[in-house]
Every structure is written in C-alpha cells, then in structure tokens.
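K.L.:
Okay, here's what each chain looks like letter by letter:
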Amino acid sequence: MEENKTANDTMQTERTVNPYSAKAVRRALGRKRTGELLILFVFMLFFYGPLIHAFMLAFANVYQAGDIIPSEWGFHWWSYILKQQNIPRSILNSFLFAFCSTGLSMLICIPAAYVLARFKFKGRKLIMFSFLIGNAFPKIGMYTAIGIIYYKIGLMGTFFGVLLIHMLGTTMEMIWLPAGSFRSVPKHQEEAARDAGAGPVRTFFSVTLPIAWPGIVVAAMHAFIGSLGESVGTLLVGLPQWRTMMTEMYGVILDFPATAGAVFAIIIVVPNMLLLWIMRKYVSADTMAKGFKMG
Amino acid sequence: MDDTIKLSVINMTKLYSNGDGVKNVDLDVHTGELVTLLGPSGCGKTTILRTIGGFIDLTDGDITIDGKSIITLPPEKRPTSMVFQSYNLWPHMTVHDNLEFGLKLRKIPKDIREQKIAEGLSLVKMNGFEKKYPGQMSGGQQQRIAIARSLILEPEVLLLDEPFSALDAKIRMEMREELRKIQTDLNITVIFVTHDQEEAMMLSDRIVVMSKGHIEQQGTPRQIYDNPVSRFVAGFIGEMNFLDDGTGKQIAVRPEHISVTKGEGGILSGTVRTVMMLGHYLEMTLDTDKGLVKVYINSDQADEFEKGDKVALNFDHTYSYNKE
Ligand SMILES: Nc1ncnc2c1ncn2[C@@H]1O[C@H](COP(=O)(O)OP(=O)(O)O)[C@@H](O)[C@H]1O
Ligand SMILES: [Mg+2]
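Residue numbers (the working numbering), protein chains in the order written: chain D, 25 to 319; chain B, 1075 to 1398.
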C-alpha cells in the first residue's frame, strides 16, 4: 500500500515538471510553427513577388518606377502589344518550333533512351553524363560556334537552322527522364509479354512504352516549355527571318516601358501554365526522381 | 499423369560470364506431372526454368518438348508459359486485357476469347475481377490472375518460379492446394520452383533437389524423405539429427525414428532439455554427449517426461554419410 502511494506521487510530480509533457511539447511546437510560417512567407514573397508584380504591371496604364501601386489601371498596353504586326506571327512561330522540336526529339530520343536504359555496354554512363555536360556549357559560346558553321553551310536564318538550335535543348530533356522511366519498367513484365507470344517490337509498344509513358510525357512537356523559352540561340541564328515570342520580347523590353514587357510575359506564361495544368496528373515527385538516377 | 515424356533437359549446362550457373542437368518430365525444382537460393533453379522458357541461352546441351528441340526458338515461339515471383501482370491493363493479350496474339476470335477468359477466371476463383487493375488487387489475387493468364494459353509446359513465396503463409497454403487441384484436374505438365521443402513435399509428384548448380537427387517426395542420398539432401529435407561417430562419418537419424525411455542405457543417453507440445505429438530436445538431439513422441506420453529427466535413446532407423 505504502509503496503504491509513493509511485503514484512520483507520477504526479512528473506530470507537472517533465519537460516532455504534452503541454510543453505543444507549446514548443507552436513556437516552431510560427517560425516555419514566417520562413514560408518570406520564401513565397521571394518566389511569387516578381510574378505578382509583373501581373500587376500588365494591367497598369501608367506606372512610375518606385511606386507600389500603378497610378492608372487599364488595358492600354494589352491593345498596344496585340496590335504589333510581328507579334501574332511570332506566337505562331514559337509554337511551330516547340511542336517540331519536341516531336522530332521524341522520335530520336525515345529509342535512344530505351537502349541506354536496357542494354549494358561500354561508355553507357559516359553518354548519359555527356548529356549533362551539354547543359554545363555557356550557351552563348556554343551558339557562336554553331553560328560560324551555319554561315558556312547556309543554315543561317533558315527554319531548319533554328529548329536544330531548339532541338539541342529538347533532346537533352528527352533522354534522361525517359531513360529513367524505361529503367523502372520491371523486366518480368516485358518477359511476360514475350512469353505470351509477343515479339520484341510488339512487346515494346504494348508493354514497355505504355508503362514508361508518364515519364515521357513529363519530359516532353519540359522540352516543349524549354523550346518556347529559347531565346538567345534563336536571336543569333534566326533573326531577322525567324522571330519567336521570346526574341520579340527582347525588342519590347528594350523599346517600351516595363508595363509592355509585363503584358508580354503573361502572354508567354499562359501556355506554359496551361500545359502544366493539363499534364498535372503525370507530374509527380516519383516520375521526376526516376529520371535522375544514373543506374 | 502418364508415361509419355513431355519435356527433356539433356545434359544441359548454362554458365554466366562470371562462371556461376548450372552444369550437366538431366531431367525428364512426364505429361501431366508436377515436378519441383527444390534447393537453397542461388543453386540454379531459376536458371534452369529460364532456359526452358527461352529467356537465357544455354551453353551446352539440349531441351526438347514432345521430342523436338526448342532451344533455337525465342520465348514467344515456345509452347511454354511462365509465372514469376512478382510483377507478372501489366499494370496499365485491366485483368480482362491482361488475359486477352495472349489470346489476341493467337488470333482467337472474340467470342471464344471471352469464353476462355471467363473459364480462366473461374478456375482461379476470380470471377468478377475483369475490370480491376493489378494495382487494385492483393498480391495473392495478382498471382491467381497471372496463373489464369498462363493457363488459358494452354501451354505444353507451365513454368512457375516461386510464385507463392511473396505471399502470407495462410494464402500460400490455399494457393498450393488450389494449384494442385487445377493441375490434376486439367492434367497439365508443370515445373515448379521453390526453396521451401514443405511446399515441395506438399505439391510434387516428383522433387528434384539441387545444390550449387547441379542435381543432387530426384524422386518422389516419399523416396527422397526415406532415402536421402547425400548429407546435403538429408539435411535439407525434413528434420534430421546428425551425430559424429568419431570415424569421420556422420550418423543421421530422423526425430520420429528415435525411441525414448526413462532411465539409463540405450545406444545413447541424455537429459531432457525442453518439451514442446505440437498438437498430437511432442517435440523434445535432449542433451547428449553427441550434442543436441531432437525427438518426437506421442502426446499420450506427455506426462512421462520433464525437464532434467535422464533418458535412454534407441534408434529404429539410421543413415550414414560422409562428413561435408
Ligand atoms: N544474370 C546473371 N549473371 C551472372 N550470374 C547469375 C545471373 N543470374 C544468376 N546468376 C548466378 O547463378 C547462380 C544461380 O542463380 P539462380 O538460377 O537465380 O538461383 P536460384 O533460382 O536457385 O536462387 C547464382 O550463383 C547466381 O548468383
Ligand atoms: Mg530463383
């Protein structure tokens, strides 16, 4: 009896003093939460601030640099931008290049990605790595070198010349992620198809490709958006014959107030947003992670 | 089961580039027979199965089905069908489409296809699952579908590579019983791979015990249990006590072949260490001067023995092996 009482007492005291008691933990967590929220807020401001600012500017008729809110709202610069002669044509061109470069690089890269994923051969990792190196080069240096070659073989200012520049970016996008997706298709599922009577080609189209498809779609979306955003290369080898939204943007920024640039930025962002929205079911941390394994 | 030979593996050798593999495998499987390849992990069971299925080339030897060599045929041309341990089903297809895939490739008309799919599903008790995707089913259900998918293609030989080893004990038991029933009902020829000796004993017409890339012994479960030809087989199949006899040989004796009486004497004397009740029989562990010995006794003798009792052991049947 006596012993029991002491045990009970100890428990009682612990409940009030114990730093790990529920109350203390909750209090501590509360303080931590506040800190986390603050960090999140600063991050959001950093991330979305410029976007919101651009959005606001796009609907400003008059804006003085330094002001927080425009002194006059309206659609003045929208009508101005849309009346520019070159602009509808440049939008069309942007999509033309994006479609062609993404489509062509899919045709080339999907088989290549499959080979890189499934067959072990000497230099496989080196090849995979070299696709990253391509991104490490300063683009402008590469384009200058390409420009010299283009002059020699007469590709300067041609559709095909610009397309090649765009494909430089899209092919890189279309190798890594799809190779990762192919690698994550269990071999047994391909073997089961062979076993059921399908030849290698049918197995690829009926089993391997559909299972790897989400990763390929995400890669294609990246490639497409990348091509829409390509500017420097197009500027160097395309002008004046081939203008895209991005190259026109340079002109707009140089020649007109920031408000015009903001309108244009939104025009460019809209298709990207739409694409991301349509493809959202394919974009998951999982598909992305699969793509970035060396394997 | 009848006497005609369905499948022959003739002096087959498969060596991987690192030197691992299987050597000089000879195996005949009769029509309607269920043969189990049994052995510890890494002994080459999967290698044999995959050479039969056509997924790996052999280094030497031949494989015939109905007397005709199949080793030059790709997997899609072989009259075999394989079920793997997992990841069998195509995740982007419904159960129905999984089953239909092979039938379509065989250019079977739509109405017969549907009929066969329905038959296949009822064989494995999975009616009503047509519209489900593999991801919506349990592991056991997926394996049933995988087996149905193979069965409806009516292969000459069905190859099963540890198909139940990823499943829970209870489901594994059910699946074994069902497989055995389907196999005898339809009289299909099956090669079943497992590392689980109990599973092999339950299922098989014949067991092929393998060790380190070669066949140790072939025979019915009874033959192998009663007459293990080597120390390895004796240790792998069933319970066995091994006792050094001091001349470099080992005496082997099964727990049920040891009779125990209280007191002194016998071939060997010992002390009771543990007594465990296992339903209709008891398992006792005895300390002897040759090491620990396991014995089974009837449960009506349960009250006779207690921990610490001195006991005398006599052997009804023993084996003798060279020490490994
Ligand atoms: N593709 C391979 N390359 C090299 N060695 C392999 C390969 N597949 C299996 N092995 C080796 O061959 C032996 C037999 O393997 P396996 O047939 O898978 O055994 P089991 O199915 O009995 O576990 C093992 O030693 C294994 O490591
Ligand atoms: Mg295996």
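In short, the hints are calculated from the structure, not lab data. One or more of the hints may lead you astray.
Unchecked claim - Beyond 10 Å from chain D on every Cβ pair, some chain B residues (computed):
{"#": "1", "residue": "Asn1085"}
{"#": "2", "residue": "Ser1155"}
{"#": "3", "residue": "Asn1162"}
{"#": "4", "residue": "Gln1189"}
{"#": "5", "residue": "Glu1248"}
{"#": "6", "residue": "Arg1280"}
{"#": "7", "residue": "Asp1319"}
{"#": "8", "residue": "Gly1322"}
{"#": "9", "residue": "Leu1352"}
{"#": "10", "residue": "Lys1381"}
{"#": "11", "residue": "Asp1390"}
{"#": "12", "residue": "Thr1392"}
Unchecked claim - With a cut-off of at most 35 Å between alpha-carbon atoms, the simulated DSBU-like pairs for lysine-lysine come out as follows:
{"#": "13", "chain 1": "D", "residue 1": "Lys211", "chain 2": "B", "residue 2": "Lys1364"}
{"#": "14", "chain 1": "D", "residue 1": "Lys211", "chain 2": "B", "residue 2": "Lys1381"}
{"#": "15", "chain 1": "D", "residue 1": "Lys211", "chain 2": "B", "residue 2": "Lys1384"}
{"#": "16", "chain 1": "B", "residue 1": "Lys1397", "chain 2": "D", "residue 2": "Lys211"}
{"#": "17", "chain 1": "B", "residue 1": "Lys1199", "chain 2": "B", "residue 2": "Lys1184"}
{"#": "18", "chain 1": "D", "residue 1": "Lys211", "chain 2": "B", "residue 2": "Lys1199"}
Even for Gly, the Cβ is constructed at its ideal location relative to N, Cα and C.
K.L.:
Mind listing which of the numbered hints don't hold for this structure, in increasing order?
P.N.:
Hints 2, 3, 13, 14, 15 and 16 are the ones this structure does not satisfy, whereas the remaining hints hold.
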